[in-house]
Structure formats: C-alpha cells, structure tokens
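Colleague: For reference, the chains in residue letters:
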Amino acid sequence: MLELKHIEKKYNRIPLLVDVSFSIEKDEVVCILGPSGGGKSTLLKIIAGLEKPASGQVFWDGKDVCQTPPHLRKFGLMFQDYALFPHLNVFDNIAFGLRMQHVSEDEINKRVDEALEMVDLQRISDRSVVDLSGGEKQRVAFARALAPKPKLLMLDEPMGSLDRALRDQLIKELHELINNMDIPVIYVTHDQEEAFTIADRLLILYEGRIVQSGSPKYIYTHPRDLWVASFFGLNNKVEGKICSLDPVVAETAIGKIAFSWCERKFLIGEAVDLLILPTALSMIEKNVDDLNCFEGYITDNIFKGSSFTIKVRIRKAAEFSFQILAQVTKGEKIIFTIDPESILCFKRKK
Amino acid sequence: MMGGAAFTTIEVEIYIQTMQFLNLKMAGILSLIQLIFSMLLTFLSLRFSSDRNVPIVPVIEGEGLRKPDSFLEKSFVYIVSMILVVLLVSPTVALLLRSILSFTKGYSTGGVTNWKLTLESYRGLFINERHSLFFVPPITALKNSVLYAVVSMTTALIIGTMVSVSSSKNKQSNKYLSFLVMLPLGTSAVTLGLGYLSAFSSVPNSIRWFPVLIPMAHALIALPFVIRIIQPVIHSIPNNLHEAAVTLGVPERQLWKYVDLPLIEKSLATAAIYAFAISLGEFGATSFLARPEYPTLPVAIFRYLNLPGGENYGKAMAMASILLIICGAGFFIIEHLQIKMKGEKQ
Chain A
1 MLELKHIEKK YNRIPLLVDV SFSIEKDEVV CILGPSGGGK STLLKIIAGL EKPASGQVFW
61 DGKDVCQTPP HLRKFGLMFQ DYALFPHLNV FDNIAFGLRM QHVSEDEINK RVDEALEMVD
121 LQRISDRSVV DLSGGEKQRV AFARALAPKP KLLMLDEPMG SLDRALRDQL IKELHELINN
181 MDIPVIYVTH DQEEAFTIAD RLLILYEGRI VQSGSPKYIY THPRDLWVAS FFGLNNKVEG
241 KICSLDPVVA ETAIGKIAFS WCERKFLIGE AVDLLILPTA LSMIEKNVDD LNCFEGYITD
301 NIFKGSSFTI KVRIRKAAEF SFQILAQVTK GEKIIFTIDP ESILCFKRKK
Chain B
351 MMGGAAFTTI EVEIYIQTMQ FLNLKMAGIL SLIQLIFSML LTFLSLRFSS DRNVPIVPVI
411 EGEGLRKPDS FLEKSFVYIV SMILVVLLVS PTVALLLRSI LSFTKGYSTG GVTNWKLTLE
471 SYRGLFINER HSLFFVPPIT ALKNSVLYAV VSMTTALIIG TMVSVSSSKN KQSNKYLSFL
531 VMLPLGTSAV TLGLGYLSAF SSVPNSIRWF PVLIPMAHAL IALPFVIRII QPVIHSIPNN
591 LHEAAVTLGV PERQLWKYVD LPLIEKSLAT AAIYAFAISL GEFGATSFLA RPEYPTLPVA
651 IFRYLNLPGG ENYGKAMAMA SILLIICGAG FFIIEHLQIK MKGEKQ
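Top to bottom, those sequences are chains A and B.
According to our numbering, the first sequence is numbered sequentially starting from 1.
According to our numbering, the second sequence is numbered sequentially starting from 351.
Excised from the complex, chain A in its bound form:
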C-alpha cells in the first residue's frame, strides 16, 4: 500500500535521512524505532506531505503522491504533543477533520460519538482540551486522527510525554485499538517496550538509515550489530577471541564462553564482542563445567515486581546485569551457567 523509495533529506547540509526505502502492507503495524533526533518524525512528515524530501518518492497504491498536497493525502497523523486545537472542545477537535470533509452534521455527530466511545471519553465531550489530563489528551488526539477515516495512520511518539504508569496502561489500550483497525499504521518511538508491544514489524532507524528490519522478536534476538543490541539495552558485553570452532568458543576475561548463534563462520584467533542477554543466567548448586559456568558476587539487587534485576561481578573482571526470578542478597556468592543460545557474537570492529 505505502512504499517509500530512496528518500533523502538534509538539514543545513547534514544528512538527516539517507536512502530510506520500505513498504507497508494493509493492516500492518510498522514501528520505526530509533534514538531521538534520528529523523523519525521527519520521515513521518515526508509521508504526510508536510515536508518535501531532497530526493526519493512516496507511493500509495502504486501512485506517486509526492505532488499531492498534504490536505488531500488523507493520511492521519497524531503528534507527539497531540497538537489539539486549544480553542475547540473535545467534540469539536474530533469533528475538525470531518468538517473539513464537509460531512453532514448528523454524520459528524454519529462518527464523533463512535470515536469518543472507542477511546472511552463520552463523558467529557464538551470539555475544553486545555483542562484535560495527559492521558485524555492522548486519547482525544488519537480519536481526532482516526475520525476522518484516514487511509494510513501515523503516530509520532504518542506516549512521549506521559509518565511510566500511564504509558503502560495506555500502550495496552492503544495496542488493542490499533489491532482492531483495518488500515496500515506507522508508529514512531524511541522506546523499545512500546515498539515490541505495538509492532508487527520493526524498522530500526539510526543516523538516517534503516539499519535493520524484521519482527520484534527476531531483531531482539538477532540484532544486526552492537549498536542495535545496545539500543535494546543489551549491555552485557565482553571481549574475546575465538579459540574453538566446534563448538564455537571464545576465550574471554571471565572464562571460556560457548555460543550457538552463528550466522557466519569465525576464524581461530578472531577478535569478537560477545553480548549476553539478560535472561541468559541460570543459577546452579555447584560448578560442573569449564564452559559457560561461572562464579560471581551479587553487587546489586533491584526488585522489578515480577522479577529481580541483579548485577553480578565475575572475577573482578566485569559486571553483568541479569533478570532472575529467585531472590538473592547483595554480597551473596552465586554459581550460574549462561545459556549458549542467549549469547550474541559480533566481529570486533577495528
């Protein structure tokens, strides 16, 4: 349905978007994930027609829409700070797009009521948007973007200005609402949890380029490089050298680590970076093997509700973070194994 081809954009001669190409199918929810200032919002504005690309094309159903003015594209866009019209109440904000389409007043009333019901805001339809809470504003903005029945819905960091608790609650609601729609959705965020909850497919945007694309699970477990991995919060990094090829084992400062995720062949003596996933740790009673079996001391223990995040120091060489279910105490010595399937290996860059 939507297809972008070789989109380029520069600001003050600095490249902001470089050769961005991707397409979205009907009903697909694509999440553009990347650090702030990486060009995500600009990309949405280019699709919406609010900004012109330096080069490249935007196609909708095979037709180039670059010359179509934004008000005729019928792409809904929900802004990070909602951009609600302060002079209009909730009802009139949602009705705004319908009035621009010259829909009859009866039809407007019906569709606004439906939109209000969808976001559960019927009780405040006549309230000024200035008086609304952050969560209510977010819902009004969502309903306003959806009411004119856009062909494509784009959401630009819709949870960006909400606190954590409200975000957790609303993200579930938003997930449900988006799943019930039959239009493609582009969701922009820098928050991986939001992206994982919402997306059918992730596009990782870094320094203006789409560096990886795939399902959330695939990208999380198979990040393309160290940057993508660290963006997902995978920071348990240890340097090593390949010392065996069958099984693949790397010699590191904390001991020998075997790993099974090998998409490429390594050479003996090759310098690599290993990333250990936070879920890789399993505690055991006693040391049983040289490979992937370690002793360490708990240096921190943070309660996270359903699990604990612990920090373990191994051989005074490095400190790693893991998520575990069992409670441990600070300073306690533990023996544990690391799952070879939860270790990512990257060739070290010079």
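Any given hint could be a false lead.
[To be verified] Pair ranges (Cβ atoms, derived): (1) A:Q67 - B:S523: 25 to 33 Å; (2) A:Q67 - B:I675: 58 to 66 Å; (3) A:S55 - B:S523: 26 to 34 Å; (4) A:K52 - B:S523: 20 to 28 Å; (5) B:E602 - A:G233: 36 to 44 Å; (6) A:Q67 - B:A679: 51 to 59 Å.
The set of hints was computed from the structure by calculation and includes no laboratory data.
Where is the CB? At the ideal position from N, CA and C, for every residue including glycine.
The hints should help you fit chain B onto chain A, whose structure is shown.
Modeller: Showing chain B alone in chain A's frame:
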C-alpha cells in the same frame, strides 16, 4: 496645566513652541532630540528583551492565583490597592463629581460656597451661548471622535496584524520591524503631529486633508500597542497546530481562517478596543491636525478649558466624563472578553 513652567516636559514644550509661539524651528529641534532618545531607548529595550518569549497557552481562569496568607502579603496587597485608588480612582471620581456639581459663591450666599447636584454642564454642551461659528455640539465631537477611532482602529489592526504575521515568518524582519513599530511608543504624539504638520503643510490645500491625517496619526500611535498585543499570540501558535490542521484536510492557504484567526480573535478584539480607546483619548497629535469645525472630544475639552468661567470648566468636565464613560465601557468589554482565555505576553 499641572506643575507650571518649572515642570514642563519636552512634549509640552514642543506643543507650546508650535501652537503658542509658532516657533516650528525650535519645536523641530526639540522633536529631534526626543526622537534620538526614543530610538536609543527602543534599541536598548529590544536588545535586552532579547528573543526569549514565554509561550502563550490558554489557562484556566484563576490558575496560579492564591489569597495572601501572611501579614506582610496582606499589607502589601492593601497598600498597593490604596495607591491604585488614590492614583486612578480618585481623579476619575473627582471628574465625574465635578461634572454634576455646581458651585455658587458670592454676595447672595454671604461669601459661602454652596454646591448642588445638577446636569447643567451636560445641558450646556448643547447650547451655543456666544453664537460662535466654531461651536460644535458634543454629539458632533463624539461622532468625529468615533469616526476617527473606527478608521484608526481598522488601520492599526490591519497593519498590526500584517506586521505580526510577517515578523513571525522571518526572524530577521522581526528584528527590524520591532524597532520600527516601537518608535511611535517612545516618540510623543505631539512630535508625531508636528511631523505630519511639517510633512503635509507644503502640499497645496493640505489643510483640507488634515482630518484624514488624524486617524492615520492615531493608528500610528496605537500600532505599537496593537502589535504588542497581537504579535506574542501569533508567535506563540505552535507550527504543529498548522500541520495537524493540514493533515485533517485544511488547505494551506486556509490555515489562517481555521487555525490562526480563531486563536487570535480575542487578542484582535482586545487590540481593537485599545486602538479605539487610544484614538478616542488622543490629544497631542490631534491638536495639530484637527480643523476647528471637526474637533474630537479631547480637543473640545481643551477648548472649554481655555474658556473663562466656572460653567465652561463644568462643561469640560462633562465632556471629559462622556469620554471617560466610553473608554471605560471599552475596557470593560476587554475584561469580559478575557474571562475564558488569557494570554500573557513576554
């Protein structure tokens, strides 16, 4: 009238040199001195106010207000209120009272001053006792004033809005425009009137056109106020409101109608009433340009004040009271308009 010759300001001196001594050369030099100072102050004001603007957002009425708690706070509020009453309310009340009070003193009263409540001063405004050719009834002066005020208000609003919009598009032009439109604020109305007089007096039959110049001068005087009211509101409209409107189907050329105008309409109304009130009360420039048969309310007040006798003084007070009531009504409307949505500038 207040303070005597020792306390004459440069503005008064320009007026005296022009209107009483016809010394246009001296008036011109004084105007130039005033202009240089006002340019310097305008430049400094713009430099120190810098580019930092507090964004204007609609707020709930009374938000951020609280009652004074401590003795110190209560005393402060009380003292400020008293100062305001003395400085603002008392002259207004005195003016209104004097317009409805008549004083008599003489042999018939045994040298004792008596007073009575009367509308004589108001009635007197309609009587041409000396059969003067230049007698103008108050309704005519009021009509002149209102006509000038409407034209000057419209002119100031159109120019002010255009300047505000163009300055919001271009930061560089904003800098120069701000300097230019602030100038009339520092320059006195008298200087402005003198400027118009000098510029147009050499044009043949210019005196015929002076009534046309009055609303132009008034618009120029009101312009800094109009811009200072409208500009911050226009500048504070976030661009994403325009973007949201466009994605919802508003063509770019109609953004002004659907987004900007509804957001600034209250400021426009406020600016309009300010411009209207400024024009109604303006005397400095008008005194240079008003023809005797087309006086405004302030000019008519001045004429009565220059005539001898308590009756004429009473008429001046009555005329001033009419002006006061009209201006007061205007500002009442401003307050009424600002009840729901308030914007604070800078």
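Colleague: Decide, hint by hint, whether the structure agrees.
Modeller: We went through each hint and held it up to the structure:
1. Between Q67 (chain A) and S523 (chain B), the C-beta spacing of about 30 Å keeps the proposed range 25 to 33 Å intact.
2. As the Cβ distance of Q67 (chain A) to I675 (chain B) is approximately 60 Å, the hint placing it in 58 to 66 Å holds.
3. Look at S55 (chain A) against S523 (chain B): about 31 Å separates their beta carbons, and that is inside 26 to 34 Å.
4. A C-beta distance of roughly 24 Å is found between K52 (chain A) and S523 (chain B), which places it inside the suggested range of 20 to 28 Å.
5. Checked against the hint of 36 to 44 Å, the C-beta distance between E602 (chain B) and G233 (chain A) comes to roughly 42 Å, which is consistent with it.
6. For Q67 (chain A) and A679 (chain B), the Cβ-Cβ distance of about 54 Å falls inside the hinted range of 51 to 59 Å, so the restraint holds.
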